[in-house]
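Based on the hints, put chain B in the right spot on chain A.
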Amino acid sequence: MNAIETKNLTKIYNNNFIAVNSLDLDIPKKSIFGMLGPNGAGKTTTIKMLTCLIQPTSGQATVGGYDVQKNPDEVRRLLGMVPQQVSLYKDLTVMENSQMCADYYGVPQDERDSRIEDLMELVDIKYAKDKRVGQLSGGQKQKASLVASLVHRPDILFLDEPTIGLDPTTKRTLWDLIRELNDDGHTIILCSHDMHEVDMLCDYVGIINTGNLVAYDTPQGLKDSLLEANRHEITDALGKISEESDSPTSSRDDLEDLSLKKMSVLLKNNDERIIEKIRQSTNLKSVEVARNGRINLRIDSFDDMAVQNVLAEIMSLGGIITSIYTEEPSLEDVFIKSTSEVNEDDRA
Amino acid sequence: MIEPNKFWWMIKKELISLKRHPARLVSILAFPIIMILLFGYGMGGEMTDLPIVVVSQSDGNLTDLTLDTIKNTETYHVVEVIDSLDEGKQRVDSGEVKAAIILPSDYDEDTSQQKGVTLYIDSSDQMASQIIESSTQAIFYRISNMVASQTSVSTQDANIEPSIAHSLDNFKDDISLHINRIYGNIKYIDFLVPAILGMTIMMSCMMGMGATIAGERETGELARLFMTPTSVSTVIGGKIAAKLLIELVRALILIFMAVLLFNVSIKGGFLQTFIVLVIGALCFVGFGIMLSARTSTQEDYAQISLPFSMPMMFVSGVFYPIETMPWILQKLAYVFPLTYLNDAMRGIMLKGQTLADVWLDLVILLGFTLLFFIIGVKRFNRDV
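Each protein sequence line maps, in turn, to chains A and B.
Letter by letter, the first sequence follows residues 1475 to 1822 in our numbering.
Letter by letter, the second sequence follows residues 118 to 501 in our numbering.
The shape of chain A in the complex, shown without the other chains:
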């Protein structure tokens, strides 16, 4: 069963601006879902509809099985939200803010404080429980915000740019916490522009652009699909080129390169003679030497055999390898491709 389901979800604002356009989105229960999209893509509007802050113009959305329009209070009980801008009362302490949130969610009085204390321990903010939120650092504020958002034990937790502006250590602590919460059974919807964060944490990623879902898969699936897409493009292009007898070879090579994964090696005996031998090898493709001396190559895949074959070839040519580096398409590549395609379509 899905935690969130939308069908033809649409929001048109008064000025006829279509913020969300027939969005069909399923977010599996107990998953970490990354919601990506450029600024103004419709992410915020989607979240506002799912959190019952605004009404959809048409279509349906259910959260935990409850319709957002018919049972908004049930939906609200299931949701927790950690906004990008910490929205706790700055003059109240972490404890007071959490108590207030608990009471607004109707948490039983006899459980309230013990729940808060447990959550504070979980996110490691108990030491600052009597500090005013206005006196906390950025990371502490996010932790306090998490406590206030989790106090009613929501099934689904929205995190909007939760680590923006945080130092790398605090960021990793929060990542660990997000994983822990997910292990505890919370469905997490993560909105972030940090592709690395999304790649690290999310089970599924949806990319929204101009109010539509333009890509949806696991992070690896999205990256693989980019390779596949390139491969199809290249195959088509190569077919086209082969029909033209005078097609230059260089075009064929350039296109082929796009379908391959990047790999680089650093040689101890990085001299011209070895590099020339590597360049001439028919088994290695797109050999380039970077400024730092790394030899960049392209290979079909990162499976053991493919990598081993490349290494064996270089060693057979006399190269002494000191380090190996492999690079596949990033989620950022997927994001740019997915959103630029739509933008180009729009322009067309």
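Just so you know, not all the hints are guaranteed correct.
What the hints assert, rightly or not - Some chain B residues near chain A, calculated using beta-carbon distances under 7 angstroms:
#1 Ser350
#2 Thr351
#3 Thr441
#4 Trp476
To be verified - Facing chain A, a subset of chain B residues (Cβ under 7 angstroms, in silico):
#5 Lys123
#6 Trp126
#7 Ile128
#8 Arg137
#9 Arg141
#10 Ser144
#11 Gly337
#12 Thr345
#13 Gln420
#14 Pro424
#15 Lys495
The hints are simulated quantities; they were obtained by calculation from the structure and are not laboratory data.
Note that the coordinates shown come from a computational prediction; the quantities given were computed from them, not determined experimentally.
Even for Gly, the Cβ is constructed at its ideal location relative to N, Cα and C.
Structure of chain B alone, referenced to chain A:
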């Protein structure tokens, strides 16, 4: 449905905030005091101790009596009694004093002819000159009667621009006027204070409530509350309850300060005055809610509320009776709730009326309140 626990949190939150920000607390408490001082002393007080000189060119009992009377009049502060007419005029011309009362050389002579006293006055200060004129007229009217003489007073143009001169002849009165003040001897400050109380409540409720809502919308605190299973009316109701509590304390301070500083009488009683102020506060909190329902920032709110609050302040009869205003402003005054609050406040405080006597004002105020709340809650959405 209203949930008391959530209401209480709003009140608690406001009180905690105030406790932790002593400066804010002082400002809240000082605001009504400053208002009442500013308007009370600045606008509502009587003019006294206006500096003058007396040019006395005569000598004798009547002169002594006149000088004593002038010196004992609160309106004046007699800087000096001199005998040079030119010096007297020069001191008025230079602005050192507001006027020179010139007693002629024949002032003390027993003559059947009229005696010409001159009031040489700086008429560029309209308020001061009017007060000096009327006081001077009253003094010589009294002296004239006392000595039953033929003393007459005339004023002479002071040769300063703009200037006025009044002929103050014929003080003898044949007709006796008995003034029957039905609400006692009411001074301008008495007229002003009830409306100042109303205006202060209006300003702090409207500006405070709206700015709080817009501010919390801007910082996202309101969004967090709206994401909880809580109705809009509970969230807004909680805010109103918190604001109202603070405003009631302010109202108490205002009334206390008015009585303490200006000896303002509250003929209708303290409780009735307080009840009227509470109704007024509720009405203006509603006004604030209505205006802030769709504003997204505090700055927006300030811009939106100004065209309402400023005209209301000047048109609703705070400083001058509505009847003295141009007809268009008179009509406009009746659109503003502050007019009805002022009317009810003056009725209770000055005339000693009861709540039943000012029922129409109260019904209109409550009507406005209901209207503002309905529009406010309807317009209010969770989209923050």
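Starting from the hint list further up, note which numbers the structure goes against and sort them upward. Violated hints: 1, 2, 3, 4, 7, 9, 10, 13, 14, 15; rest satisfied.
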